[in-house]
Structure formats: structure tokens, C-alpha cells
Amino acid sequence: MAGLAHPKTAPSAGLDWIPRVWNNRLVRTTLYQAVLFGGVIWMFAYFTGNAVENMARLGITSGYGFLDRPANLPIGEGIIAYTPADSYGRAILVGLLNTFKVTIIGCVLVTILGVTLGIMRLSPNPLLSGLVQTYIEVIRNTPLLLQLFFWYVIVRQLPAPRQAFNPLDGVFISNRGVQIPWLEADAGLWWIASALGLAILGSLAYRRMAMARQARTGEFTPVLPLALVLLLVLPALAAWLFSVPIIPTIPELKGFNFVGGTSLTPEFTALLTGLTMYTIAFVAEIVRSGVQSVAHGQWEAARSLGLRDRRILRLIILPQALRVIVPPMTSTYLNYAKNSSLAVAIGYPDLVSVVNTTMNQTGQSVETIAILMAVYLSISLSISAFMNWYNRRIALTER
Amino acid sequence: MIPHRQAAPGVEPIGPPIIVTGWLGWIRQTFFNTPLNTIITLTCLLFLWRVLPPFYDWAFAAALWEGDAKACRQPGTGACWAFVIEKLRFALFGFYPADLHWRPLAMMLVFIAMIGASGYQRFWRRELFYGWVVALVAMYVLMAGGVFGLARIETRQWGGLPLTMALAIIGLVAAFPIGILLALGRRSRMPVIRMMCVVYIECIRGVPLITILFMSAIMFPLLLPEGVQIDKLLRAQVALILFAAAYIAETVRGGLQAIPRGQFEAAQSLGLGYWRMMAKVILPQALKIVIPPLVNTFIGFFKDTTLVIIIGLFDFLTAIRSALTDPAWLGFHVEAYVFAASVYFLFCFSMSRYSLWLEGHLSPERRR
Numbered sequence: 001m002a003g004l005a006h007p008k009t010a011p012s013a014g015l016d017w018i019p020r021v022w023n024n025r026l027v028r029t030t031l032y033q034a035v036l037f038g039g040v041i042w043m044f045a046y047f048t049g050n051a052v053e054n055m056a057r058l059g060i061t062s063g064y065g066f067l068d069r070p071a072n073l074p075i076g077e078g079i080i081a082y083t084p085a086d087s088y089g090r091a092i093l094v095g096l097l098n099t100f101k102v103t104i105i106g107c108v109l110v111t112i113l114g115v116t117l118g119i120m121r122l123s124p125n126p127l128l129s130g131l132v133q134t135y136i137e138v139i140r141n142t143p144l145l146l147q148l149f150f151w152y153v154i155v156r157q158l159p160a161p162r163q164a165f166n167p168l169d170g171v172f173i174s175n176r177g178v179q180i181p182w183l184e185a186d187a188g189l190w191w192i193a194s195a196l197g198l199a200i201l202g203s204l205a206y207r208r209m210a211m212a213r214q215a216r217t218g219e220f221t222p223v224l225p226l227a228l229v230l231l232l233v234l235p236a237l238a239a240w241l242f243s244v245p246i247i248p249t250i251p252e253l254k255g256f257n258f259v260g261g262t263s264l265t266p267e268f269t270a271l272l273t274g275l276t277m278y279t280i281a282f283v284a285e286i287v288r289s290g291v292q293s294v295a296h297g298q299w300e301a302a303r304s305l306g307l308r309d310r311r312i313l314r315l316i317i318l319p320q321a322l323r324v325i326v327p328p329m330t331s332t333y334l335n336y337a338k339n340s341s342l343a344v345a346i347g348y349p350d351l352v353s354v355v356n357t358t359m360n361q362t363g364q365s366v367e368t369i370a371i372l373m374a375v376y377l378s379i380s381l382s383i384s385a386f387m388n389w390y391n392r393r394i395a396l397t398e399r
Numbered sequence: 001m002i003p004h005r006q007a008a009p010g011v012e013p014i015g016p017p018i019i020v021t022g023w024l025g026w027i028r029q030t031f032f033n034t035p036l037n038t039i040i041t042l043t044c045l046l047f048l049w050r051v052l053p054p055f056y057d058w059a060f061a062a063a064l065w066e067g068d069a070k071a072c073r074q075p076g077t078g079a080c081w082a083f084v085i086e087k088l089r090f091a092l093f094g095f096y097p098a099d100l101h102w103r104p105l106a107m108m109l110v111f112i113a114m115i116g117a118s119g120y121q122r123f124w125r126r127e128l129f130y131g132w133v134v135a136l137v138a139m140y141v142l143m144a145g146g147v148f149g150l151a152r153i154e155t156r157q158w159g160g161l162p163l164t165m166a167l168a169i170i171g172l173v174a175a176f177p178i179g180i181l182l183a184l185g186r187r188s189r190m191p192v193i194r195m196m197c198v199v200y201i202e203c204i205r206g207v208p209l210i211t212i213l214f215m216s217a218i219m220f221p222l223l224l225p226e227g228v229q230i231d232k233l234l235r236a237q238v239a240l241i242l243f244a245a246a247y248i249a250e251t252v253r254g255g256l257q258a259i260p261r262g263q264f265e266a267a268q269s270l271g272l273g274y275w276r277m278m279a280k281v282i283l284p285q286a287l288k289i290v291i292p293p294l295v296n297t298f299i300g301f302f303k304d305t306t307l308v309i310i311i312g313l314f315d316f317l318t319a320i321r322s323a324l325t326d327p328a329w330l331g332f333h334v335e336a337y338v339f340a341a342s343v344y345f346l347f348c349f350s351m352s353r354y355s356l357w358l359e360g361h362l363s364p365e366r367r368r
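Protein chains in written order, with the working numbering: chain A, 1 to 399; chain B, 1 to 368.
There is no bait here: all hints are sound.
Quick list of simulated restraints, FRET-style, between CB atoms:
(1) B:Arg-194 x A:Ala-85: 48 to 58 Å
(2) B:Val-133 x A:Ala-385: 38 to 48 Å
(3) B:Pro-260 x A:Trp-22: 30 to 40 Å
(4) A:Trp-17 x B:Val-133: 40 to 50 Å
(5) B:Ser-350 x A:Pro-70: 47 to 57 Å
(6) B:Glu-154 x A:Trp-389: 50 to 60 Å
What the hints contain is simulated information worked out from the structure, not anything from laboratory work. By construction, the Cβ of each residue, glycine as well, lies at the ideal position given by its N, Cα and C atoms.
Build the full structure now, drawing on both the sequences and the hints.
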């Protein structure tokens, strides 16, 4: 303190610039940042140096050359053709497509079932909302991995194909997985798919026109009938025009196994069931909080306008609730994609599982983990980009 | 006397109004007021009737609490809790030497006592922090031994519930300050620091926990100089800390954003520096706001510790699963998983109830 009390007595031999410079915000922040950034760079350099040295010692060639080498790893299922003689690159692609498969089917299921569950949770009937709440609490308070193990055991303990459950015609549930009817078609399927796309575009355009007309004249034009006709007629027309042979195949029991249709493996069934049952509990809570965030007066005002409950929900409540619902839904989809990596624990050949085997076989741990991270980061970034776009679209347009 | 009213000819008298008061009226109003609601009620009742009695039979009435696998496999026998009881010690403590099981047990008791003490606002002072430091050291000494005449136990032999607890609690305690620093960094005015924090947080949050665990288990040893080895458990623990920190950072950032600018300005005009302002004015308010999401993060993290099974650590879930491979007791998966689920449920559910209570307790202004 003595020094501060007599600043004049301090030797001013050209050193008084130190506190002046030190207390300059710009200098100080630059210094802090430089030190921190330098530290991070140094750490990276240090680790990279060690990694290069260690890999040289272990005889591992760094780089992505291993992707072309034959993989010799069997993969149980996949969307594209694959044999163990194929390369590691193709094996990883098969795994990636398997991840996409479970994520896309799952996100659709989760949206539909989760919203339904959320609405059930809001039911004025205490019996129903209590049941749903019990479900949500149990699911949210136990680990997902445990639930996946549980579902896998359940699927495994299902009866053999001969005693398979047959809830609907052509659907068999057994310990070999789930058999469902399927359409068998060759390359001509593309024509049908494009016709379906055209029908969807047409319906959307018609909906736009109908809405513009309603805004102009106040007259309501029903959209659904024409859309349904388009969606059904155009693909059928395409199938007839290009004479695409569509053969619906229905699974049936022959000997000890099923023939025809398509089958979902036990691993896929368990993973999809487990992830979906887990995630819908979160979606239900998001939907509930979203709907409850809309002020009660909105319901009353809409009722006093003479709207019915269902129309109130669709026209008044949901558009407002969506603003609250969409951001957390984004993270739910992201979580779904990330949680699908738990497939490795029950033997579904997803990306993580294939990459893990690759890593064990080749020892290229740095490269394979880099691939994993790059893939998951791009999935995460694209889902959030899409949801941000959607969020902007439905956001409140203020004057 | 009031003359008896005669209905006009051809007009049916209206019946008395439906009761809407009393318990009968309440039941009618709540469960049977519209046809749809009646259908819902009946469906729910049917569901309960189909599910609850069989479940009760399986879990209690026909369940077997003692005996061997043979008795459990008798047709008509429900849940085989005898299996769970037989394997309880193994599930709780893993391969920890059997005669030393009192040590992990004592560690868990210390842990639960500390959690309980931290739950009360009365104990929220500096002493609690020192208490935690002492407790963590004591817990480590109890588990690892090597001093005070306690036998040394390698981390390879640690397992079961104490391991799960240690991973979760040390992870959270260590990740919390890192998370706060990251959140502050992300809101910092220094562009390089902000950018580094953003990249870190988004990279960690963008990839699954498994990837980070793989990194710690398989890739990280490659990054160390030759001859240097770090314990596998410690590596997994660091990975969990780094993972949790990113999520805590995002939660805390939400709270920081909710603090009005005036609070910052007021603190600065009092002459507080950055760290004082944050510690005394901003963070106490911000953390209070984020208690519910923070507890959700904690619960999620507690559940996520089960993932260490994939890199071969012997946590509670792994212990249960390896108990299932005992040839004498094959096939009691459902019992084992139901038991494991109820243990996890107990922890997570009490945490979420506590957060509800704390939220109300810390916000007297919102209580009615």
C-alpha cells in the first residue's frame, strides 16, 4: 500500500509504462487469448507428435489407405449389397446406411407416437393421463442402454417361427425378428417413386392455391380429396404405363423359416423398439409443455368464436405451441441419431459397430475415430440446420 | 299446501338433473361425461385389468424369493428373485474382494450422506466444499486402500454400484466448474476464447458419448509418449468429465442469457471486476434459474455412465449382465434387468423430485 500512497516516489526510470500497458484492455485480452490459443496448439502438436511416433513404432501406416483394403468382416444386414471381400470403405458405408435407416424410420415413428402420447398426457381423464405419466417417469428415469438390453432379451425370447405371433395377416413376430409384406419391384420402381413425388408436389401446390383462394374470397376449398386421388392414381398410372411388375410378397412359414416378404432382424427390431419407446417419452413431455404454454384464454376465445375443440387445437393452439415445441424437438432428433450408436451393444451393425470392428482389425484408431466424429458432426449439423430453417418459418412474424 | 303440479297433457315430465356434485357426480363428470371419454375410461380399465393382476402374480404372488435355479424353472413360477438375491453382492460390488466389501459399502454411505447434506440449503456454505474435498479423498482411500493399513485394491477390481456412483459423482463435481468456465467463455467478448469454447462445446455435443469413450479407451494411449500409461478407469473418468462439461456449459449459458443486462451494468458500476461480478452477482442468479435443466442434465449423465460397459469397465449394469452368464443361473434376464432398472429409477426419480422441491424452495416469489 505504501507504494500506492506515494506514486511520485516510485522510480520513473522508464518503467511506468508497465502498469499502463498491462491495464490496457486490448493488450491484456490479446495476451490472454494468445496464451490460451498457444497452449491449445501446443497440446495438439504434442499429441500429434506422440501419435506419429507411436504409430511408427507399432508399424501402423497413418492415412486412409486402409479403406481400400478388403475388410473380411461379416455384416449381418445392410441396404446395399456387401460381402466380407469388399473393402473397409464399403463396410463403413453399409454401417452408415444402417444408422440412417434406423434414424429415419425412428424419427418418423417418434414424431407420430410421441405427439399422440403427449396429447394423451394432456387428457382431462386422470386415468389416461396418469397411465401416460407413469410410463414417462419409468422410461425417463432408467438408462437407455438397460432398456435396449431388455428389449433385445424380449425379442430373443419370442416364440420360434412355428409358433410366431400373427397379429395381422402377413405379419409374423418371432425370435427371428418381424416379417412384413413387401413390394417386390425392379428398376421400374423409380418411375413409381417419381410419380409419387410428383403427386406430393401437386398436392402441395393445390393446397397453396386453395389457401390463397380462401384468403381472397373467404371460401374454403377442401384439399384432402384431390390430394388423396393424386397420391393414389399417379403411382398406379405410372405402374400401368411402364408396366412395372409390382409383386406384393407376403411372408409365409415354410419349414423352419419364413419365405417372402421382408424381414426386420431381431437386432433391428429391438433397437428400433427400444429407441422409439425411450424417445417418445421425451417427445410427449415436450408436446405437453408446448401445449400448456399457450395461454388458456386462447382456448376460451376460440370457443367463444364457436370453433370446435379439434379445430381449435389445429388452427389456434398448435401453431402457437409449435414455436415452443420445435427447438427442443431438434435436440430430441439429434439425441435419437446419437443414441442409435448404442446399437453396438446389442449387435446391430450400425456405423459405430462397423467402425469399432475396423478399428480393432486395423489399429487405425485415430483415422477411424476421425471418420466417426466427422459423420456424427455432419448429421448433427444438418439436422440442426434443417430444424433452424423450419423454426424460422414458423416463428412469430412480428411487425 | 302447495298444489301438486299437473303436467300439461301430452308433455312428458323432465327427470331430475344428473348429479354433478359428490363423489358420484365427480366420477361421472371426470370419467363418463362424453361417449369418447367413456370409451377412454373403459379402455384404460381394461388395460389395467389385463396388466396389473398378471404383473402382481409374476412379481409377488408366484415369485420365488429363495431356492435354486431348478426351483425357479418350475412351470407356474413367477419372477425368480432368488437369483437377484443370490447375485446381489456380486452386482453391487463386482470383483472387489469379498471380505473387504465393507469398504465400498462405507464409501457408498459416505457418498449418500454427502449428497443428503448437500441437499439442504442450510449447509450451503464454504464448509460444505471442504467437506466434499475430505469426503472425496476418504471415498478414494476407502476404495483404493494402500494407507492406514488398508489393503491396496487395483482399479481393475473395482466394480458394481460404487463404480457407477464414483464415475457419476466425480464426473459431475469436476465437470461443473469446467462447464461454468466454458459457458462464460462462450459469452466472452474475446473472439478467440469464444470461438474455442464454441468449437469445443459443439464438437462434444455433436458426437455420441460412445465416440468419446472410444477415444479415451483406444485412441488416447496412442497420443501419450512411449512408456507413459494412464489407468483405464481414469481415462474413462476424464472422458465423462469432458463430455458432461459441454452439456453443463450449454445449460448454464441458458441461465446467463436470462440475466438482464442491468445486472451486469449495476455490478460494474459498483466497481466489481469480471470474476467478482460473475461470482457474486451473475452466477448465483443464473444458476438458480437453471436448476431444473441442470438436474435433468445430471440425471441424463448418471444414466449415461452405463455406457462404460462398451469399453469394458465393470459398472453396476455390467456386473448384473455378467451375473447372467453364470451357467447355474441361465435365463433370468428379465428379473435382472427389472432389478437394475429399479435401482437406477430410485436414484434418478429422487433426483428429479428433489429438483422440483428445490425449485419451489428457492423461488418463494413464485409460491402461492
